[in-house]
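Got two chains here, each in a separate frame; can you build the complex from them with the hints?
Chains as they are written, first to last, in our numbering: chain A, 1 to 440; chain B, 1 to 460.
Warning: the hint list may mix true and false statements.
Claimed, not checked - Straight-line C-alpha distance at most 20 Å; calculated SDA-like pairs for lysine to any residue:
(1) A:K146 to B:I365
(2) B:K339 to A:E336
(3) A:K146 to B:M398
Just so you know, these hints were derived from the structure itself, not from any lab.
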Amino acid sequence: MKFEFQFPDIGEGIHEGVITKWLVKEGDMIKEGDSVAEVETDKVTTEIPSPKTGKIIELKASNGDTIHVGDVFVVIDTEGSAEEVSSEDKKDTLAEKKEIVEEENAGVVGEVISSSEVIAPSDEKEGNSASENVAGKALATPVARKLAKDLGVDINKVVGSGPNGRVMKEDIIKASKQPSEAEHKEVLDETVKTTVDAKEEKIIVEEEKIERIPLTRIRKTISQKMTQSRFTIPHTTAMDEIDVTQLYEFRKKYKDSLKEEEINLTFMPFIIKATISVLKKMPEFNATLDEENDELILKKFYHIGIATDTDRGLMVPVIRDADRLSIIELAKKVDEVSNSAKNNQIELKDLKGSSFTITNYGSIGGYYGIPIINYPESAILGVGRIVQKPVVKDDEIVKAWILPLSLSYDHRIIDGASGARFLNMMRELLENPEMLLLKA
Amino acid sequence: MKKYDIVVLGGGPGGYIAAIKSSQLGKKVAVVEKDKLGGICLNWGCIPTKTLLSYAKHFQDILRSEDFGIGGIDKSKVYVDIEKMMLKKDETVNKLVSGIHMLFKKNGVDLYNGFGKVIDDHNLDVNGENLSFDNLIIATGSKAYIPNIKGLKESFESGKAINNTGILGLKDKLDTVIVLGNNTYAVEYATFYNAIGTDVTMIFEDKNILPDYDSELSQTLERQLKKSGIKLVNSSDITEVRDDKILVSQKGKEKEFTADKYVVFYGIRPNLSGIENLKLIKDENGFIQTDERLRTNIKNIYAIGDVNGKMPLAHVASFEGVVASENISGIDSKIDYLKIPKVVYSFPEISSVGLTEEEAKLKNINYSIGKFPLSANSMAILKGETSGFVKILADKDMYGEIIGFHIIGNDASNMISEAASVMNLEGTIYDLARVVHPHPTLTEAIVEASLDAIEKPLNI
Numbered sequence: 001m002k003f004e005f006q007f008p009d010i011g012e013g014i015h016e017g018v019i020t021k022w023l024v025k026e027g028d029m030i031k032e033g034d035s036v037a038e039v040e041t042d043k044v045t046t047e048i049p050s051p052k053t054g055k056i057i058e059l060k061a062s063n064g065d066t067i068h069v070g071d072v073f074v075v076i077d078t079e080g081s082a083e084e085v086s087s088e089d090k091k092d093t094l095a096e097k098k099e100i101v102e103e104e105n106a107g108v109v110g111e112v113i114s115s116s117e118v119i120a121p122s123d124e125k126e127g128n129s130a131s132e133n134v135a136g137k138a139l140a141t142p143v144a145r146k147l148a149k150d151l152g153v154d155i156n157k158v159v160g161s162g163p164n165g166r167v168m169k170e171d172i173i174k175a176s177k178q179p180s181e182a183e184h185k186e187v188l189d190e191t192v193k194t195t196v197d198a199k200e201e202k203i204i205v206e207e208e209k210i211e212r213i214p215l216t217r218i219r220k221t222i223s224q225k226m227t228q229s230r231f232t233i234p235h236t237t238a239m240d241e242i243d244v245t246q247l248y249e250f251r252k253k254y255k256d257s258l259k260e261e262e263i264n265l266t267f268m269p270f271i272i273k274a275t276i277s278v279l280k281k282m283p284e285f286n287a288t289l290d291e292e293n294d295e296l297i298l299k300k301f302y303h304i305g306i307a308t309d310t311d312r313g314l315m316v317p318v319i320r321d322a323d324r325l326s327i328i329e330l331a332k333k334v335d336e337v338s339n340s341a342k343n344n345q346i347e348l349k350d351l352k353g354s355s356f357t358i359t360n361y362g363s364i365g366g367y368y369g370i371p372i373i374n375y376p377e378s379a380i381l382g383v384g385r386i387v388q389k390p391v392v393k394d395d396e397i398v399k400a401w402i403l404p405l406s407l408s409y410d411h412r413i414i415d416g417a418s419g420a421r422f423l424n425m426m427r428e429l430l431e432n433p434e435m436l437l438l439k440a
Numbered sequence: 001m002k003k004y005d006i007v008v009l010g011g012g013p014g015g016y017i018a019a020i021k022s023s024q025l026g027k028k029v030a031v032v033e034k035d036k037l038g039g040i041c042l043n044w045g046c047i048p049t050k051t052l053l054s055y056a057k058h059f060q061d062i063l064r065s066e067d068f069g070i071g072g073i074d075k076s077k078v079y080v081d082i083e084k085m086m087l088k089k090d091e092t093v094n095k096l097v098s099g100i101h102m103l104f105k106k107n108g109v110d111l112y113n114g115f116g117k118v119i120d121d122h123n124l125d126v127n128g129e130n131l132s133f134d135n136l137i138i139a140t141g142s143k144a145y146i147p148n149i150k151g152l153k154e155s156f157e158s159g160k161a162i163n164n165t166g167i168l169g170l171k172d173k174l175d176t177v178i179v180l181g182n183n184t185y186a187v188e189y190a191t192f193y194n195a196i197g198t199d200v201t202m203i204f205e206d207k208n209i210l211p212d213y214d215s216e217l218s219q220t221l222e223r224q225l226k227k228s229g230i231k232l233v234n235s236s237d238i239t240e241v242r243d244d245k246i247l248v249s250q251k252g253k254e255k256e257f258t259a260d261k262y263v264v265f266y267g268i269r270p271n272l273s274g275i276e277n278l279k280l281i282k283d284e285n286g287f288i289q290t291d292e293r294l295r296t297n298i299k300n301i302y303a304i305g306d307v308n309g310k311m312p313l314a315h316v317a318s319f320e321g322v323v324a325s326e327n328i329s330g331i332d333s334k335i336d337y338l339k340i341p342k343v344v345y346s347f348p349e350i351s352s353v354g355l356t357e358e359e360a361k362l363k364n365i366n367y368s369i370g371k372f373p374l375s376a377n378s379m380a381i382l383k384g385e386t387s388g389f390v391k392i393l394a395d396k397d398m399y400g401e402i403i404g405f406h407i408i409g410n411d412a413s414n415m416i417s418e419a420a421s422v423m424n425l426e427g428t429i430y431d432l433a434r435v436v437h438p439h440p441t442l443t444e445a446i447v448e449a450s451l452d453a454i455e456k457p458l459n460i
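Here chain B stands alone, though its shape is the one from the complex (with noise of 0.2 Å):
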């Protein structure tokens, strides 16, 4: 038997930062992995999907050579190799992968590769050994949610549905698809999709893409993947799904899609299985409940990232392994889901931390906004790409904080961090607006937006 101070179950992003965080605590730590470290993201999730992304994001550069001045490209003859980008993508993923081997190894974190099946508040068993601790964190992850569609659960067997892991099994390019589906994942693999060629239709119940976001930067993306091709089918309830056709009832009138194959989104459910023993608090889709400290009802029991479904994102899940471990070693520390951001790798691209619009709305707050185009931005011009905004919502009873941010446009991911940075420290509009930014860069649209909501804005 052996014992531990924390023994962490699942080496996902959540669980391996946990594992490493606790070490350099002075916590004698084991994670406890049935599968690869790194859990989805690195393997089937985020490094993946963006590692795809960014390879098509350099194939539509090429086949718009000519507006930069390079010549001599024969469209004709550029394709996309699916099976070397599949290769290429492992190689990456390997590398990241290997990559926390060696960091426990250098924090002294024990690894143990298998099921984890928790007997009891104190006692863990994995491959026949019992693991004792004094404190849990679950890092168990989710996995995809296949709602109770006619028809769906049999086109998974056959092969016709597939979501990530079955998209990362192709080995040839697909003409047509159909992504069921809004959210994330929905619009990302569309994306990926249309940008490398195939026809793309997406199938989703609600009125618009991404709800979860500011409605005008949803609707702005809408706007830029009707441009690129990607049909949209919204409002629509699927009737059936059949191996030759998906049934659609769209506001009342029927209507039949066919393709290639089906890429099913339609969100996550916890993994909790190894922990049926714990007698935990979950909500009505299964996931765990845990407080700002990521405590759960059983005093020494922690849940991290995906499995308690409070924002089921790579960066959350080890922000959330800090903030357990940090507990766990007796630093009082929480974490704000409001300061947290959050991107989706669309072209172009969405990020938001904070408050919607419709969000501060709702919550009665006396807003501000302000709003720059990226249009009139040179550095957005230079590239050329110019589509997008960015949109700041300001507390006007709190001195103008920054409550809210969200930007679309290129290299949106890499702009939001600042706002994060803002925001975390209780920063105005009015101190925003005193930062000098460097130009070119995309990020004095920030500036801009603002003035707008101070008074004018200088560019435009």
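With the rest of the complex left out, here is chain A (with noise of 0.2 Å):
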């Protein structure tokens, strides 16, 4: 059988690509999920996987070539391929995948969907879900599986009230009143799905007056996101000012000096460093809960996320190993990670992976915010802009930099008192710059 791949919907509204390298040619046996091409986009770089396992018929473009979405591509011819993939080999494609969703945490709301999670819902595919892979069978009476089945609980995932924690009928008609964590997604999205569909009838009356958008892929992602953060973790923030007007001073003796080497000194990589210290001594804030194992994960890397605000919506590239870079370091991969999401030069593997996330805002304008977690990550810091404020010091009011903080955090992991301290270690790093050079 032919099958014509199509160049994919690879996400953030990206319409067309330039193939830079093939990575098959014809002739080649290609296995579902191995890349046939390496593909320029007015964003990213990226390989394309195949959504099939087959033999490469013919491949339509050449190096250099523009390919459009929809474009046929690669024909593959599938016969006979069956026989060569075995379910193993299938199960094993899907546990991977699961494992890139699970593992690399894409930027809050920047997350660009892999590709081949994108290519890989084709129908011949759908049904041979990950969740059929059941390990054991559950210690459960006759009536509490057949139960689970008509309702749709996943008897695996039900604490039995029986003898050596046999699931019992009762256990299953509460699992089915209480949504389980992983149906909980579902039932989100059902909610909003009702929520628009409200919505949608209100609209209609007035269509004339309205513009519909379709979504992009990149706001699908930031809605996604947002939405599973927010439903997911009881969010409570914590805010504060800091008197920064030594660190003001101190960046100012610098800065002009460091422009010359093209060196762009903010208060980002201050508070970065200032940011990673703390995290050092307060895992809990680079840490993820895992709801499923009622484990805490702490994280002992610090691949800082920055939110950046770029046309296609907000995204967040991350800085790596952040723990490592010198204040100056910071500063300059502060620019290019930000730049580069704005041109569009972001590499996928870039926006993901971050376990703590800063979002600045300040350089726009904004004092407060409550941002929202990157889920999973623990918590994320909001700066807000600097400016000068009557403060009152030995009984005297003089003029300071004040810095606005806003953390919001995990309140399932992560107590108030914390959140406070949190704040109070930020401050006493960074209103004075001597002291953030020692301990930092």
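Shown next, in the form of structure tokens:
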């Protein structure tokens, strides 16, 4: 059977791309998930994986050709490939994909769904879901088993109340009333859908007065991510003002001379440095709650996501191992990642895997905000605009440069006192740049 | 002063099991018993009656020995020696009671023989000695209920009216007895006396005997009892009990009955002496209120067995003892009374677990019925005891889960546990219908009854 592989929607509203390198040639055998070509878009350079296993019959474009979403660019003969791909292999592929989704925490808001995911759901593949990979058989009564099936409850996830944890009828009835964590997202999706439906009904009446814009892939991703974070994590936010007058002077002293070296020294690298120093002392802020296993995952790496405003929407490029970089190196890196995000030059890998995120709405003029956590991280720091304000010092009103900070955190695992302590430690480091250099 | 994790007040089938289980769970336990270990069940209840009933059954078998091709027995010379029967019964009881003493030693349970008086929710006095406890399990059991019927009390005083303890003290065979009441005890003693050749009349207020059982079972048993010669006087109010006669008003008609003894079984009331200092919540008959974990309204005090009135049966008391011990030891466990079997050792026997058909109707359950008569079961036929049937109720809306199981027939007591097992595992008639049973056995009737509820039985 011939399969005509159309250039897929790889996300973020990309409509076209340039084939920079073919990774297969006609006559090659290819496995589902293996890359066929490297494609450069106005946004990222990425490899396009094959959705099918089979033999490459025809490559319909050459290196350097521009192809559009929907264009057939590869023809694959899938005949007889069914035997070659054992179901085992298929499961592996699925499992791998699942891992990608779970492990790599793509940026809040700026997650670019990996292209393999976007391509995957072809009709033939539906129904072969990873959840069918049941490892063991739950201890359950015959009635509980049948009931679970009919109510759509995953019996393996139900805690049994019978002898030896046997799952009884009552347990299934209870479980069916409370959506499991796994189903939670589905329920949310459903809720969102109903809300939208309800709104739509109203909107239809005045159709002429409105404009309908289909959501881009990145907007859809932002929407999903925001909903998931907001409805999964009970957020709470601590706010504080920090007197950064000394830091302000310190920066002023070196700013111009560094500019000659083409280094743009903003406050951001200092804030990142201070944040990492605090994260090391309070690891629960650089963590993820593993809801399935009731475990707290403390991360021993410091990949800092920098929420960045771009034309296409919010993106979160990541500075990897930021703890190993000096202030100057951080300054360079912040510039580099935010520019490449703004100029569509960022690569997918640079948008994934952050352990803590900082969002700087101050650059646009905001003072306080209530940032939404970059799920599944445990906290996010919001940075406001530094303004000069009158403050009382030693009984006198003096001028001071004030930095407003908003720290949102996962209240399931972090108590209010810790939130306040976090900001206190930030104050200690940011009020006194020498202390920052000594401690951070 | 001795300090215990758990003190169990009462050494009956609830209390002694609770003590052993608690000890096995690592607790320091004492049992306070004013009389004999084993309680009513072992000494004056289940064990003696079942022993006597078993002897009576042998007697019946001997009387119909010709049915089995056994000749040479002169029936005019066969008789029941009550005194010897009682002695044999005592041997059995003593053996079982001494078994409990041994189990206590083995499990390190301290036994205090004396009347336990609870001082407060952490202290108890026995024989002048103070025992302090973290938890108390009340297992004081019950006593016979004597209703306010004119002359009944006096009749007990004169010895004309007796109950189980009185019966077990008799040395001679009675020619005639009147059984007052229609519960399990009443039916079992009526069965016993009838089987050993005593003329039996049962007088009771309800329309039928055993009103707690599925009416199809109790009505079938009534026919059997009548067939065996027991006179049933139903829907009757007792106007007066006198030593020479009992005056009865049956549907407006006045009647009189006389007999050698009146055997009286009007149910039970809890034994509450010794625990007056505890402010326990009780129902209108005095039974201590407990939940499915056997907790009372006082945090560290549990009540098991007859004293809570839930299901006054020895095996219930024992399991309640296990559940109470587990909960005290931090193991969350519960009892589900709907999955506990009960038995009447009549001839034929009755056994039952779960809902009766009447209860299923009341609960608006969409049920199906499967039934199979023992007259079509090979084992019943070869034993010559074909009266009775198996009746299964299954919930159609719950995949055919078995919700009620009722058996009347010889050896029904041994058959019911299979039903209890399946029900505890939430099994369905479909599961049961696929279990191969050995042939020939009475339990084949269970498979056939399941098939009847689904489609068609194979052997009828």
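Against the structure, the hints come out as follows:
Straight-line distance between C-alpha atoms of K146 of chain A and I365 of chain B comes to about 19 Å, which keeps the hinted pair within the 20 Å bound. Restraint check for K339 of chain B and E336 of chain A: the C-alpha separation of about 71 Å exceeds 20 Å, so the hint is violated. Between K146 of chain A and M398 of chain B, the direct Cα distance comes to roughly 9 Å. Compliance with the 20 Å bound is thereby established for this hinted pair.
When held up to the earlier numbered hints, the structure conflicts with hint 2 and nothing else.
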